[in-house]
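Protein sequence lines correspond, in order, to chains A and B.
Under the working numbering, the first residue of the first sequence is numbered 547, with each subsequent residue one higher.
Under the working numbering, the first residue of the second sequence is numbered 547, with each subsequent residue one higher.
Don't read these hints as lab results, they were simulated from the structure.
Bear in mind the structure is a predicted one, so any value in this text is a computation, not a measurement.
Any given hint could turn out to be false.
As the list makes no split between identical chains, a pair holds if one copy fits it or if it spans any two.
[Stated by the list, open to error] List time: in silico BS3-like cross-link candidates among lysine-lysine, alpha-carbon distance up to 30 Å:
#1 K733 with K644
#2 K644 with K707
#3 K707 with K773
#4 K644 with K773
#5 K804 with K773
#6 K673 with K644
#7 K614 with K733
#8 K593 with K693
Number of protein chains: 2
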Amino acid sequence: MFGKIKPMDKSRRTFIGHSLMGAALAVSIPSIVSAATKRGAAAAKIKIEPNDVILFQGDSITDAGRDKENQAPNNNRALGNGYAFLAAADLLHQHAAKQLSIFNKGISGNKVHQLDERWDEDCIRIKPNILSILIGVNDYWHMFNGKYDGTIQVYRDDYRKLLDRTLTAFPHVKLVIGEPFAVNNVKAVTDAWFPAFDEYRHTALEIANEYKAAFIPYQRVFNEASKHVSPAYWTTDGVHTTLAGAKLMAEAWLRVVK
Amino acid sequence: MFGKIKPMDKSRRTFIGHSLMGAALAVSIPSIVSAATKRGAAAAKIKIEPNDVILFQGDSITDAGRDKENQAPNNNRALGNGYAFLAAADLLHQHAAKQLSIFNKGISGNKVHQLDERWDEDCIRIKPNILSILIGVNDYWHMFNGKYDGTIQVYRDDYRKLLDRTLTAFPHVKLVIGEPFAVNNVKAVTDAWFPAFDEYRHTALEIANEYKAAFIPYQRVFNEASKHVSPAYWTTDGVHTTLAGAKLMAEAWLRVVK
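Start from the sequences, fold in the hints, and give me the full structure.
Pasting the structure below:
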């Protein structure tokens, strides 16, 4: 379904390749992430370099109960209990000599415009070399349940504005864009979400291509995983992850940043 | 230094092999854990089986800020922010279809006798198939700083009593015993700790052999890691881990339980 989206070039963003494309069927659980992320000859990879500053941004899925008073990099409590913590632990182990600084500034409930409101404090000030963003499920969900009047066009415009602003400050920042995901038939997520929610996924991919960002196909990862073990094993409510689901996300993320 | 300890057989405990033995030099950080744990032909391994109930027990290193109100298995908050959480995430991902139940009941400050005091509630009630214990640094440390009058003989006797009690309740439980460790020249840990502290490490190995437990040589893992990257990268104070150190421990643990 992603094949129809044409990447638009931004000449200043040429150092990362194209996003991951193509579907895959996995046959065993440990290979799900591999199968779901490795297809696509032009799969974007980001290579960890010495002194990289890595920032995870997003909503509750990224937040994962982090200690918001703690400003230290690489800190257990400051990184929460989710995929950002798990990915950080792996990076700090695999790249021990590289003096990485890893931060998580996800905040529960956030939509794109709320990232924008706190961007000076929670992104620009941190000066990331690698910026990973997962945002969008609340842009849909809060609209769906009548708490927000944003549309898909607002999501797209807000996301572009946020990235343009980021690239003005850091022209060479390496971007990772996570696909918003929703696992159907688990508590909060029902047939009524679709196909409208899919537009948010497609838009995130479209933007990843447009900005030459690496793209993490979380929806595909959860879909594949849910073919093998019950969806409720991976997500508590269709939106938030269990620990197994957080690990699935971290593994997908680490396929792209290594 | 471990080679002189002779394992004593307990006939009821024959299903796990001998503990990991032998020293190793690692040449790169990701291979440290591998090098530090794989030597020894009779390396004990525990194979994860469907419906296994896995319990992590110990002191603050295991506790790692876990939510003690949360009694759910496999729960992000209940598992803390340390090696138990990281190991659990990996097991739940690698063995997704096996319906594992993973608990962390470590409590900060605990010595062996304090595990014993809460064993009915925090072990027997949980009915573990796999029981992982890391205890001993406080048995030494609190004695060293005058807050406790236990000796190495008390540690040994208390540890055996705890395991005998456990095996009476669960004759087939698979035991994992972690080596107490202390990283010299980082804050709390100084030359004054040695060689007295080493006796606690040796005793833990002796007991692991006696009870046919798998043994995780954490001291060797931290020693090897500290040859490559500053000790302070792996531990905050010589006793507690950074996130990188927690990952190092989880990787060592996962070499033995898989």
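Status of the hints after comparison with the structure:
no.	hint	verdict
1	K733 with K644	between (42 Å within a copy, 23 Å between copies)
2	K644 with K707	neither (32 Å within a copy, 45 Å between copies)
3	K707 with K773	neither (37 Å within a copy, 46 Å between copies)
4	K644 with K773	between (38 Å within a copy, 15 Å between copies)
5	K804 with K773	both (27 Å within a copy, 23 Å between copies)
6	K673 with K644	within (17 Å within a copy, 43 Å between copies)
7	K614 with K733	both (28 Å within a copy, 26 Å between copies)
8	K593 with K693	neither (40 Å within a copy, 49 Å between copies)
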